[in-house]
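Use these hints to put chain L onto chain P, whose structure you have.
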Amino acid sequence: MLKNYFKIIWRNLIREKQFTFLNILGLTIGITSCFMIGLYVYSETNYDTFHENGDRIYRVNQSYIWGDWNKQYASTGPNVAEALKADAPEFEKITRMLDAGAQTMRRKSENQDRDLFKEEKAFLAEENFFEVFSFRFKEGDIQTALKEPMSMVITEEMAQRYFGNEDALGKQLEVRESNDQWSTFTVTAVLENLPNNSHLEFDVLMSLSTIQNRLDRQNWLWAWTGFATYGLIKEGTNVEVLEEKIQAIPPKWAALTTQRLFNQSYEAFTAENEWRLYLQPLRGIYLSNDPKSHLFGPTGKPQFVKLFIAIGILILFLSSINFMNLSTARSSKRAKEVGIRKVLGSERTRLIKQFILESTLFVTVSTIFALVLVQLFLGVFNAIADKNLSMLPVLGNPICITLIVLFILVLGILSGSYPAFYLSAFRPIETLKGKMSSVFKGKNLRNGLVVFQFTVSIALIIFAFFVQKQLSYTSSLDLGLLKDNVLQIHNFEQLEGQGETLKEKLKANPAFTHVGMSYGIPPNVTSGDKYRAFGPENPALHFDDVRTEGDFLDLLGVEFLAGRNFDPLREADKYGVVLNEEAVKMFGWGNKENYHNDSPVGKYVAMTNENASKMEVLGVVKDFNFSSTKEKIGPLVILHKDNDWVWNYGRGRTYLAARINPQTVSNTGELQGVIDDIQQEMKKMDASVLFEYSFLDQEFENTFRTEQQMATILNIFTVLALIIACLGLFGLAAFSAEQRVKELGIRKVLGAKVSELAMLFSSEFTKLIIISVVLASPLAYFLVKEWLKDFAYSTPIEFWVFATAALSAIVITIVTVSFQTMKIAMANPVDSLRTE
Amino acid sequence: MLLQLNNISKWVHSGGQKVYLLKDISFWVNEGDFISIMGPSGSGKSTLLHILGMIDDFNEGEYTFLDESVHNLKEKYRANLYKQYIGFVFQSYHLIDELTVKENLEMPLLYKKYSGSERKAMVADMLDRFNIVGKKDLFPTQLSGGQQQLVGIARALIASPKLILADEPTGNLNSKQGEEIMDIFTQLNKEGVTIIQVTHSEKNMAYGSRVINLLDGSIQ
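So the protein sequences, as listed, match chains P and L.
All residue numbers for the first sequence refer to this note's numbering, where the first residue is 1 and numbers rise by one.
All residue numbers for the second sequence refer to this note's numbering, where the first residue is 1 and numbers rise by one.
Simulated from the structure, these hints should not be mistaken for laboratory data.
A few of these clues could be false.
[What the hints assert, rightly or not] BS3-like, lysine-lysine: derived pairs with alpha carbons at most 25 Å apart:
{"no.": "1", "chain 1": "P", "residue 1": "K7", "chain 2": "L", "residue 2": "K113"}
{"no.": "2", "chain 1": "P", "residue 1": "K7", "chain 2": "L", "residue 2": "K136"}
{"no.": "3", "chain 1": "L", "residue 1": "K102", "chain 2": "P", "residue 2": "K333"}
{"no.": "4", "chain 1": "P", "residue 1": "K336", "chain 2": "L", "residue 2": "K102"}
{"no.": "5", "chain 1": "P", "residue 1": "K353", "chain 2": "L", "residue 2": "K113"}
{"no.": "6", "chain 1": "P", "residue 1": "K353", "chain 2": "L", "residue 2": "K74"}
{"no.": "7", "chain 1": "L", "residue 1": "K120", "chain 2": "P", "residue 2": "K7"}
{"no.": "8", "chain 1": "P", "residue 1": "K353", "chain 2": "L", "residue 2": "K76"}
If we strip away everything but chain P, and leave its shape as in the complex, we get (with noise of 0.2 Å):
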């Protein structure tokens, strides 16, 4: 019986070459997305699963206290560790990472010539790390690696940088310091390289110990908001009941800080605001899209998960709809089947099970090909999402591959389910008759099911559209600052003393404009404190700053509404500082119509210790943008380059930026001539300082990069959410087409003209897109609406875009159905009549 089913189905499929190619093809496009979809969603929802005690493990977050205290930071003060210990024995373990910043590093050798590398990945941890997490060891002692000070545990990958094929065990590195110094360290261990899927992303870890004496001195620094804690709780322990109980911690041990730091009681400085400590889950660390400043590794976005999913969900089913339409277009053909089959004594349930195979065969044709094409695309993907997904793992896992075969069965069931119950309905008299009256039934559902299609695929292309013009929008919004031909120099205060010279030297070059260093640099601001107006009653509030020198703000062209710039010539002016609208604003001085009466400028604010002494306000300029555009323009104090009384958190952030003569500068052969030369100079300067360089504009788009990425690809599967719905509707035209032959015959016949059947026939189907250009621009708009909140800054919803989605809707389908409307209205009426 099965053989003879499967002769049936193969012989229906050779024979209906462009019926199976269709079928195929709508269904391997849409399990190919899903699949595509799935490994995406795999690998993002599985995060740090390899940690042997991952379910125990936790880190330790606190209340943003720089900012709003509602949102979750993911770094405490170094010694919340210190308190936990002491305060909390559910904890088995606790231990500590801190960021180390970039680290410019090169091998110990005596010879001069050595290349140097800048590693972003770097951090300091404590000596119990590894007995935390579980990174596999390749070479060296896990209990001791990382337990002498100068101790350093490097990645395989690392060590291959430095050390090609050598052993890298017992080693020595040099890394780099403040003071121009190069300190040197010994390599403990050598780790294999860490998994994809670890949210703490490292190539280096140098022993906490190293900064042994300052851990001594400020370990009571609750305001050292630099370290990552993770604590490993017993086994068994309510992690609520703990949660509460930690809260005990911040106001004992937390009020040294507010005291001497603040100038405040605890109870001051959390009158407003509770100080928690939160407690999360590793394995939610990754998609968990909350906690500020998580400087360790890569985070996920949930949201696009959630769109990834559904999108994976409504492709599936956009092939799955079309599947069925096309087969019960072609029923009349298969009508026949049906009838004979029943007159000679097949049963209806037989007859179901016999097209659910079919389709279950389809299904797994689809899948294989699916299977073998995301093999050929993951690469192409993995390059536009960033990621590193591999079927691999997937493929040798027992339970994935059953997964795969349940799939294939649901979907077969689904997809071959009305068909089945549809064609198996047919009352054999009828059918071999050749009266296909109870054909027609079913013309609703099956309208519906197109209507559905297209509803998804427009909703996408609009959505899409918007994602798009978001993403060109915030590319394209007035910074308050002249972006394009920005050049950017790194490491610029490595070059100490000489760095006057370069500078100096680029200032001469007619090549450049402008030329000024700063300490952060938009879009990458990300250093801030606590500021009051000057006078003890006034509240210590939280600003972004930025330290920089009046060339660098003439060069970024920013606008000043009251005041003056820096003064080089004005020693004074070190400890001068210039604000922005915002800023003003926060101090309590009012906004800019306010300047003229009551100026800010000449006003004093201070930082918030004791005995702080008072810094004049310059200047105010007009608020520009110096994070992303993602966010509002926020507070922001702009400090003089040399001024000591503020702590330097830009410290081996330090950027040299010079403007582009476009007039000198045509091209960019010109402009890598220029770049080679000023490599050439720093490296006369000094070889041992690493020449890196970038331009403001690119750094403002790498802010929407993950944005970008996310556009790209769901650009893609709207396309593919397009094509399977024009493969469904073609399915409906042919099927409609078989239909109305006859009609449209005798309308000839009588005298219509092959325009007028165009027209009548191409209508049924302009109808039902126009129903779902409808259905679908209320559920687009829902969604870009969602979307455009996360940003700042948002496109407006124009009317414009859903009529254009609307009309290149309506032209698709007069495409794709002109095939079937040309063959039917140009067909000779005497073959579809004599039929009969």
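Just chain L now, with coordinates in the frame of chain P:
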């Protein structure tokens, strides 16, 4: 007696009126009969044949087949009954185009409980009997009309039915092919198979032993 119809009526509603397709049909068929149902187009011949074959319903009356009351039987039993005892032959053959001659012959057996080797033997027997061994691997479209109808008859006979229902079996054939088919029916009838045929043609009618004339749904 093989079957008996008592006052069978079938109607449809058209424009609020009852339109009779068949009205008060009563007759019986003995085993070994060769009956021709005659009548003009639309007189209800095919409907009657379909009712006899249990693939169409009727609204009123009684139908007894081998002492079973067909009108009282559930769908499933009815299907079993006709699967076992009735074979159909159609005017347009109704072979499955995707299957070869051999496979078409085998198909009815698939719905009954025969083992593979039994099926093979029965198919071989039929091919032999109708002299179409050489065509067993051809597809229906590769055959002439007469040959296709030969396969249709062979398929109807393969499960050894008691009754063959033939709906204008020669309607699509030329006269020579038609004669051959009718000869085969005669032969079968001699071997004891009951045959009911619907036909337009006086010539074919003459092969039968009894004639039922239908006009507007009633027996004349």
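How the hints compare with the structure:
no., hint, result
1, P:K7 <-> L:K113, "holds, 20 Å"
2, P:K7 <-> L:K136, "holds, 16 Å"
3, L:K102 <-> P:K333, "holds, 22 Å"
4, P:K336 <-> L:K102, "holds, 19 Å"
5, P:K353 <-> L:K113, "holds, 18 Å"
6, P:K353 <-> L:K74, "holds, 22 Å"
7, L:K120 <-> P:K7, "holds, 17 Å"
8, P:K353 <-> L:K76, "holds, 17 Å"
Checked against the numbered hints listed earlier, the structure breaks none of them; every hint is satisfied.
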